[in-house]
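Student: Residues per chain are reported as follows:
Number of protein chains: 2
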Amino acid sequence: MNNKTGVLSGVRVLDLTRVLAGPYCGMMLADFGADVIKIELPGKGDDARANAPQINGESAYFMNLNRNKRGITLNLKSEQGRNIFLKMVRNSDIVLENYRPGVMEKLGLGYEDLRKVNPAIIYGAVSGFGHTGPYSRRAGYDIIGQAMSGLMSTTGWPDTPPTRTGTAIADVVGGMSCAIGVLAAYANRLKTGVGDKVDIALVDAMVSSLEIINIIYLNTGRIPTRIGNRYEAIYPYDSFQAQDGYVIIACGNDKLFGLLKQTLKISELEDARFSTNIARVTHHAELKAILERWTCEHPIDQIVELLLAAGIPAAPINTIDRVTKDPHIAGAREMFVDIEHPVAGKITMTGNQVKFSNNKTSIRMPAPTLGQHNHEILKELLNYSDAEIEQLINDGIL
Amino acid sequence: MNNKTGVLSGVRVLDLTRVLAGPYCGMMLADFGADVIKIELPGKGDDARANAPQINGESAYFMNLNRNKRGITLNLKSEQGRNIFLKMVRNSDIVLENYRPGVMEKLGLGYEDLRKVNPAIIYGAVSGFGHTGPYSRRAGYDIIGQAMSGLMSTTGWPDTPPTRTGTAIADVVGGMSCAIGVLAAYANRLKTGVGDKVDIALVDAMVSSLEIINIIYLNTGRIPTRIGNRYEAIYPYDSFQAQDGYVIIACGNDKLFGLLKQTLKISELEDARFSTNIARVTHHAELKAILERWTCEHPIDQIVELLLAAGIPAAPINTIDRVTKDPHIAGAREMFVDIEHPVAGKITMTGNQVKFSNNKTSIRMPAPTLGQHNHEILKELLNYSDAEIEQLINDGIL
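Line order of the protein sequences matches chains A and B. Using the UniProt record's numbering, read the first sequence as starting at 1 and increasing by one per residue. Using the UniProt record's numbering, read the second sequence as starting at 1 and increasing by one per residue.
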């Protein structure tokens, strides 16, 4: 079942992660062709197996984030389970975990333990606050990453409370940061033979993503807050009410605003209040009102078509159903992929966003059922016999 | 000025990117020790050099995203400029660009052109819609990525319009996806000698980040929409009004809700409506009202301290000024870093979120002024003489 194609074919990953941030990282490596072995608690497995929506008793949430992985169960709290894991570390390249900091060390499986049996191992850890510092042992969840990084304080409208992003963006950005770190460390280890530990905090990852927002405060003393859909420095670059929903018009410079004036032929747009970008930012509310008097009389698709034809950046604000049916996103870019799962049947997953020219990413295998590859992997990696494996299952080790 | 430490030391990157998504990708590689050479248009440079805030005429926006890079100017539209670039490609590992698809091909510098002079080159491209498909030539900006992916339709409150995330998250997630792709391709090339092209669309990257949101629609037919700060599947895992702002309480399971009941001793919480997670999700509005009667009488820091002491995940919703002064985030995790810039003086940047154990990331060099390293790099890489370089500058090539 090893994949022979993909940029990471031949790379073995032991994936101890649960729920979202860590599994997203493992999913990227698996989509690229790595042999990612998901290791779960016997009898229970990843908490996300219980998450909605369920299809024939299988979680679609879990199946998306764990496709292309093989799965075993292993009780790491038992001496035997720990030894099996250490043997697997000897012939693997990368270990991923997202336990609360200290848990792996307590199991005798921290980075310092693993590098003793394999100095080349890459150890990728995702946690709420990272493995150092005063908050290190606090539980970290997506909403806590969004809240403590300041992201929520800048998302929303002047008259709404701080607002979270509609997806678990701290988990996703944390998982992506971990993938970046382990891949960079792996490239280095191919040249030096020496591994590394990558320590990602959800909060840090969100702070990095806030780049210009932090920079404004740090370098001017002004505290950025909630300003709706407009941006700090350019206008009109915002959402506008259309007849049947909302539409984006994004004129990032004078040239594009000039095109907009030519196209709409609204005399008020010629006013001196709108003659430069800085003036437009100052008078954004008046400019928005003028543009919305026009947009609200036309349907989204007609506005987008008209503006794009004139060379003006514009887009619909898609609802999720529109996205999944879009001829570009769903069609040409293949961002939704069907796969046959042995229990759930045909299910639709999100495709991988990284498109290589010479080594395709592929969704070649559904997520494992709990312990599905216990026999296969213990034979292949460690030469265990069927009888030995059955004994381990009976003893609750697997 | 080459860096001798860092997981990517010895890796050379030619960075043609502008503004945010591409430069963020190059910044990650530069922070890891790669020799990233930013290549800009003579006389003008990256558009972001004009972005606010400006410090002594230097853009803090630009300086953050381009620290640790060396900089040259080069007119790629001239035959001489194009030839100099191709010579540099011969002894580089990675090329990054975020032009509109087709621009590099028109310059004779598309992936197919570059692989002819260096088959091992890794070519990383970020654009709004990617290099294939019907929308490929459309301009893509952050707000368009957030809008068309469906993210905005799920961010905000039931009574607000679709809402963008408070940072340019599509640009950041696009840049991170590009970093993941080029690093995976680079690891593969270390083993095979063969390069690859990585094609990232901002819209695709956001679709991937929406994982469970897409999955809900694709597998149940229900269209997820704006539900404020609560999540689809767990409660109480939300924001609550405190005396002096908002606070997060995140009880992801029955055990944590049990601890919350023990701690608060509010009899209504014992009600059958709140006895299971599914029941709490159904009755989320009533549960929120009960909890807010308590939270609104206490200051944020007191609530967080009390709940954390009881083992209940809780956090303040930080404003940006609080984040930059936080003893964990700013202190132990070093997420804000000062650097001395020759023109701007001492400025504060965002630190890198990827923490390695054996190979530190570092902010060792401020962003280049326009063309700062023209002499240094053309001598070092291509053996040009000072006289030849001066001639190129006079001819408008550099």
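Hints may be right or wrong, so weigh each one.
Since the list can't tell identical chains apart, any single copy or any two copies may satisfy a pair.
Below, simulated BS3-like cross-link-like pairs (lysine-lysine); rule was C-alpha separation at most 30 angstroms, straight line [unchecked claim]:
| id | residue 1 | residue 2 |
| --- | --- | --- |
| 1 | 106 | 116 |
| 2 | 116 | 255 |
| 3 | 191 | 116 |
| 4 | 346 | 77 |
| 5 | 360 | 116 |
| 6 | 325 | 346 |
| 7 | 106 | 360 |
| 8 | 261 | 44 |
| 9 | 346 | 87 |
| 10 | 255 | 44 |
| 11 | 255 | 346 |
| 12 | 191 | 360 |
To be clear, the hints were calculated from the coordinates, so they are not data collected in a lab. None of the values given here were measured: they were computed from a predicted structure.
Student: Against each hint, give a clear statement of whether it holds in the structure.
Tutor: Evaluation of the provided hints:
1. Taking CA atoms no more than 30 angstroms apart as the test, residue 106 paired with residue 116 passes inside one copy only; the shortest distance there is 16 angstroms, against 53 angstroms between copies.
2. In the homo-oligomer, the alpha carbons of residue 116 and residue 255 never lie at most 30 angstroms apart, since the shortest distance is 61 angstroms inside one protomer and 37 angstroms across protomers.
3. In this assembly of identical chains, residue 191 and residue 116 lie within 30 angstroms of each other by CA distance both inside one copy and across copies; the values are 20 angstroms within and 25 angstroms between.
4. With identical chains, the CA atoms of residue 346 and residue 77 are never at most 30 angstroms apart, being 36 angstroms at best within one copy and 50 angstroms at best between copies.
5. Proximity of residue 360 and residue 116 under a CA criterion of 30 angstroms is satisfied inter-copy only: 21 angstroms between copies versus 35 angstroms inside one chain copy.
6. Proximity of residue 325 to residue 346 under the C-alpha cut-off of 30 angstroms is restricted to the intra-copy arrangement: shortest distance 18 angstroms within a copy versus 50 angstroms between copies.
7. Proximity of residue 106 and residue 360 under a CA criterion of 30 angstroms is satisfied inter-copy only: 25 angstroms between copies versus 40 angstroms inside one chain copy.
8. Proximity of residue 261 and residue 44 under a CA criterion of 30 angstroms is satisfied inter-copy only: 26 angstroms between copies versus 61 angstroms inside one chain copy.
9. Taking identical chains as interchangeable, the C-alpha atoms of residue 346 and residue 87 are never at most 30 angstroms apart, the minima being 36 angstroms within one chain and 50 angstroms between chains.
10. Taking CA atoms no more than 30 angstroms apart as the test, residue 255 paired with residue 44 passes between copies only; the shortest distance there is 16 angstroms, against 59 angstroms inside one copy.
11. For a Cα distance limit of 30 angstroms, the shortest separation of residue 255 from residue 346 qualifies neither inside one copy, at 49 angstroms, nor across copies, at 35 angstroms.
12. Taking the shortest alpha-carbon separations for residue 191 and residue 360, both the intra-copy value of 25 angstroms and the inter-copy value of 17 angstroms come in at or below 30 angstroms.
Violated hints for the displayed structure, listed by number in ascending order: 2, 4, 9, 11.
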